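Undergrad: Position chain B against the provided structure of chain A, taking the given hints into account.
So the protein sequences, as listed, match chains A and B.
First residue of the first sequence? That's 146 in this note's numbering, and the numbers climb one at a time after it.
First residue of the second sequence? That's 10 in this note's numbering, and the numbers climb one at a time after it.
Don't take every hint at face value.
To be verified - Within a straight-line C-alpha distance of at most 16 Å, the following computed EDC-like cross-link-like pairs (lysine to aspartate or glutamate) qualify: (1) K171(B) with D47(B); (2) K234(B) with E254(B); (3) K234(B) with D219(B); (4) K353(A) with E128(B); (5) K353(A) with D122(B); (6) K143(B) with E170(A); (7) K116(B) with E128(B); (8) K552(A) with D101(B).
Source of the hints: derived by calculation from the structure; they are not laboratory data.
Since we're looking at a predicted model, the values are computed, not measured.
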Amino acid sequence: MSATLTPDRTVDTPSIANNTRGYFERVRGGDMGALPAVFGLIVLCTVFAVLRPSFLTSGNFANLFTQGAPVTVIAMGLVFVLLLGEIDLSAGFASGVCAAVLAVLLTGQGLPWYIAVSTAIAVGVLIGAVLGLLVAKVGIPSFVVTLAAFLAFQGLVLLLVKNGTIIAVRDETILALANNNLPPALGWALFAVCVAGYAAVQVVRARKRATRGLTADPLTLIALRVGLLALIAGLAVYALNLERSRNELIVSLKGVPMVVPLIVVLLLVWTFVLRRTAFGRHVYAVGGNAEAARRAGIPVDRIKISAFVICSGMAAIGGIIFASKAASVDPTTGGSTALLYAVGAAVIGGTSLFGGKGRVMDAVLGGAVVAVIENGMGLMGYSAGVKYMVTGSVLLLAAGVDALLRKRAAATGLR
Amino acid sequence: MPPVLELRGIDKSFGPVQVLHDVAFSAHSGEVTALVGDNGAGKSTLVKCVGGIYPIDAGDYLFEGRPVQVNDPRAAAELGIEIVYQDLALCDNLDIVQNMFLGRERKSGLVLDEPTMEEMAERTLAGLSVKTVKSIRQLVSSLSGGQRQTVAIAKAVLWNSKIVVLDEPTAALGVAQTAQVLELVRRLADNGLAVVLISHNMNDVFAISDRIAALYLGRMAAQVKTSDVTHAQVVELITSGRSGELGLNNGSGVAS
Numbered sequence: 146m147s148a149t150l151t152p153d154r155t156v157d158t159p160s161i162a163n164n165t166r167g168y169f170e171r172v173r174g175g176d177m178g179a180l181p182a183v184f185g186l187i188v189l190c191t192v193f194a195v196l197r198p199s200f201l202t203s204g205n206f207a208n209l210f211t212q213g214a215p216v217t218v219i220a221m222g223l224v225f226v227l228l229l230g231e232i233d234l235s236a237g238f239a240s241g242v243c244a245a246v247l248a249v250l251l252t253g254q255g256l257p258w259y260i261a262v263s264t265a266i267a268v269g270v271l272i273g274a275v276l277g278l279l280v281a282k283v284g285i286p287s288f289v290v291t292l293a294a295f296l297a298f299q300g301l302v303l304l305l306v307k308n309g310t311i312i313a314v315r316d317e318t319i320l321a322l323a324n325n326n327l328p329p330a331l332g333w334a335l336f337a338v339c340v341a342g343y344a345a346v347q348v349v350r351a352r353k354r355a356t357r358g359l360t361a362d363p364l365t366l367i368a369l370r371v372g373l374l375a376l377i378a379g380l381a382v383y384a385l386n387l388e389r390s391r392n393e394l395i396v397s398l399k400g401v402p403m404v405v406p407l408i409v410v411l412l413l414v415w416t417f418v419l420r421r422t423a424f425g426r427h428v429y430a431v432g433g434n435a436e437a438a439r440r441a442g443i444p445v446d447r448i449k450i451s452a453f454v455i456c457s458g459m460a461a462i463g464g465i466i467f468a469s470k471a472a473s474v475d476p477t478t479g480g481s482t483a484l485l486y487a488v489g490a491a492v493i494g495g496t497s498l499f500g501g502k503g504r505v506m507d508a509v510l511g512g513a514v515v516a517v518i519e520n521g522m523g524l525m526g527y528s529a530g531v532k533y534m535v536t537g538s539v540l541l542l543a544a545g546v547d548a549l550l551r552k553r554a555a556a557t558g559l560r
Numbered sequence: 010m011p012p013v014l015e016l017r018g019i020d021k022s023f024g025p026v027q028v029l030h031d032v033a034f035s036a037h038s039g040e041v042t043a044l045v046g047d048n049g050a051g052k053s054t055l056v057k058c059v060g061g062i063y064p065i066d067a068g069d070y071l072f073e074g075r076p077v078q079v080n081d082p083r084a085a086a087e088l089g090i091e092i093v094y095q096d097l098a099l100c101d102n103l104d105i106v107q108n109m110f111l112g113r114e115r116k117s118g119l120v121l122d123e124p125t126m127e128e129m130a131e132r133t134l135a136g137l138s139v140k141t142v143k144s145i146r147q148l149v150s151s152l153s154g155g156q157r158q159t160v161a162i163a164k165a166v167l168w169n170s171k172i173v174v175l176d177e178p179t180a181a182l183g184v185a186q187t188a189q190v191l192e193l194v195r196r197l198a199d200n201g202l203a204v205v206l207i208s209h210n211m212n213d214v215f216a217i218s219d220r221i222a223a224l225y226l227g228r229m230a231a232q233v234k235t236s237d238v239t240h241a242q243v244v245e246l247i248t249s250g251r252s253g254e255l256g257l258n259n260g261s262g263v264a265s
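Chain A with its partners taken away, still in its complex shape:
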């Protein structure tokens, strides 16, 4: 924009037209946000629905959530590390280590689930602290630290499960996490709380800002957002509450999978941390310009360590979901595609690999894309080889889009 003196600062009037114009300006300037992920999701779902009608069944819809959950949770943690412009290649096997700890404590030691879960998460936090210290204090590039950890944790999982045996997980609370559903009524209650809560937060914020004379979102825009959320979430809850058992006389299978409220809570908590707290602001600042952050008195090292702690802690939760889904832990838990899918999820969702740009919501949207590819291609009967190649290409595509958008933003003077 030009630097000529304007007669007076033009305060943007809060109208839908202005908001829409601002949005399109940002998109044209290279700040696509969630657009590619949403677009990709719609295209993929349409293609798979046309080619394989079974993709659209409510049973498969529920599968998508449980299949995508662990990767999405790991990706949420990775967003913090990616925001700093760092990477954690060991997140997959960190989740494997935590899952193995969980299984050993539950099945091997016979301890109650809450002790096993808190120990597994504590192990994740410890792993993150060590990785973070090595990156921030010693100064080893995160790529190398976590690549070394990738191998080391793979070995640690092998040691924990005693060279390739499979540890079964029989604790009912843990198994419920990825296998049970909420009663349909509770699903609707959750839906109502979420939509009402979202609406309340938006309206209260707009009111507060308006009374102080600051630009606030217009009520029509808020109504539109809340309406859209209610529509999408309502359809999802409705579909998940349909009977999906082949023979409902033997066993009834309906309701929102338990992992959904878990993901919603994690999404809300981490979004709050990133958007509304000083810590979150400092994470963005360190990712955007570490030197500026340091001069502003932000403890850069502490922020870096915290991001790795959050990442590995979330990987532990992902590992618990892995263990629950498979009802067992073996040496491949959290291995093979888990990490790549998680990084892919974050990047496909719109989190930049260059740091400073990204949201926790990206992990959820990108996780959905990855889950749809994995699930749809499975239904089409493609082999694992083809699936890997397609998912790898999608990750490369997303990273390419990220890099090109960054260039475009630089060209238009937006970065």
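TA: Just chain B now, with coordinates in the frame of chain A:
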């Protein structure tokens, strides 16, 4: 009125290299003091000593007439000394308000108090008569060089600072933007701040400064009123350390 900042007999060495020799420098409230000198004359070192980044080896550091110890940047900030470096130290991925409050965010409880920060930023920019930014919620990445400089300066004066040091604020700017930033710098002084302006541009210096301090090879050649000297005299002070009556005399030990 005594100067708000007064340095006397400052020495600073890095290992065997003595960069500042017995430097005296003062800055007055409501005035723009231009700090000039050739490359390597010690301008940046002197400013970093003022900002507490380098501890001084010897000499007196007086703030509002009182001797003070400034050994780290935080101590300088607490006194009300803010330095705007040439690279501005802004985060491109954050907006104007977020940058202005970086590291010093206002909070209500655990949550960031965005409305208060927005109001304070708005007020500060209005106080500086800044009219060039469309919205204070714009990302810094979308701002021009002059606007970025404006944000960096506004960030420095947000905290009721008493002294603002600007390191080459117009070096990377075009003609129109330079004029705007200079106008802003003059306004800072008119608002009662002591402004120290490092510049290589004699036109800028003569346009807005009240006093000129010329460094020559780590020594203060002269600190004079801008109205008392000519363009040519200042250039002479910068290049040879003296000009007629002014400047270092031969007895001060400067190599020819």
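Undergrad: All hints are to be evaluated individually against the structure, with a verdict given for each.
TA: Right, here's what the structure says about each hint:
1. Of the pairs offered as hints, the one joining K171(B) and D47(B) is violated, with about 27 Å between alpha carbons and a cut-off of 16 Å exceeded.
2. For the suggested pair K234(B) and E254(B), the alpha carbons sit about 14 Å apart, so the restraint of at most 16 Å is met.
3. Restraint check: the Cα-Cα separation between K234(B) and D219(B) comes to about 6 Å, which is no more than 16 Å; the hinted pair holds.
4. Note on K353(A) and E128(B): the hinted pairing holds, with a Cα-Cα distance of about 13 Å set against a maximum of 16 Å.
5. Between K353(A) and D122(B) the CA atoms are separated by roughly 11 Å; this keeps the pair inside 16 Å, and the hint holds.
6. A hinted pair counts as satisfied when its Cα atoms are at most 16 Å apart, and K143(B) with E170(A) qualifies at roughly 14 Å.
7. Restraint check for K116(B) and E128(B): satisfied, since their Cα atoms lie roughly 14 Å apart, inside the 16 Å limit.
8. Pair hint K552(A) plus D101(B) holds up; C-alpha atoms about 14 Å apart against a cutoff of 16 Å.
The structure does not agree with numbered hint 1 stated previously, though it agrees with all others.
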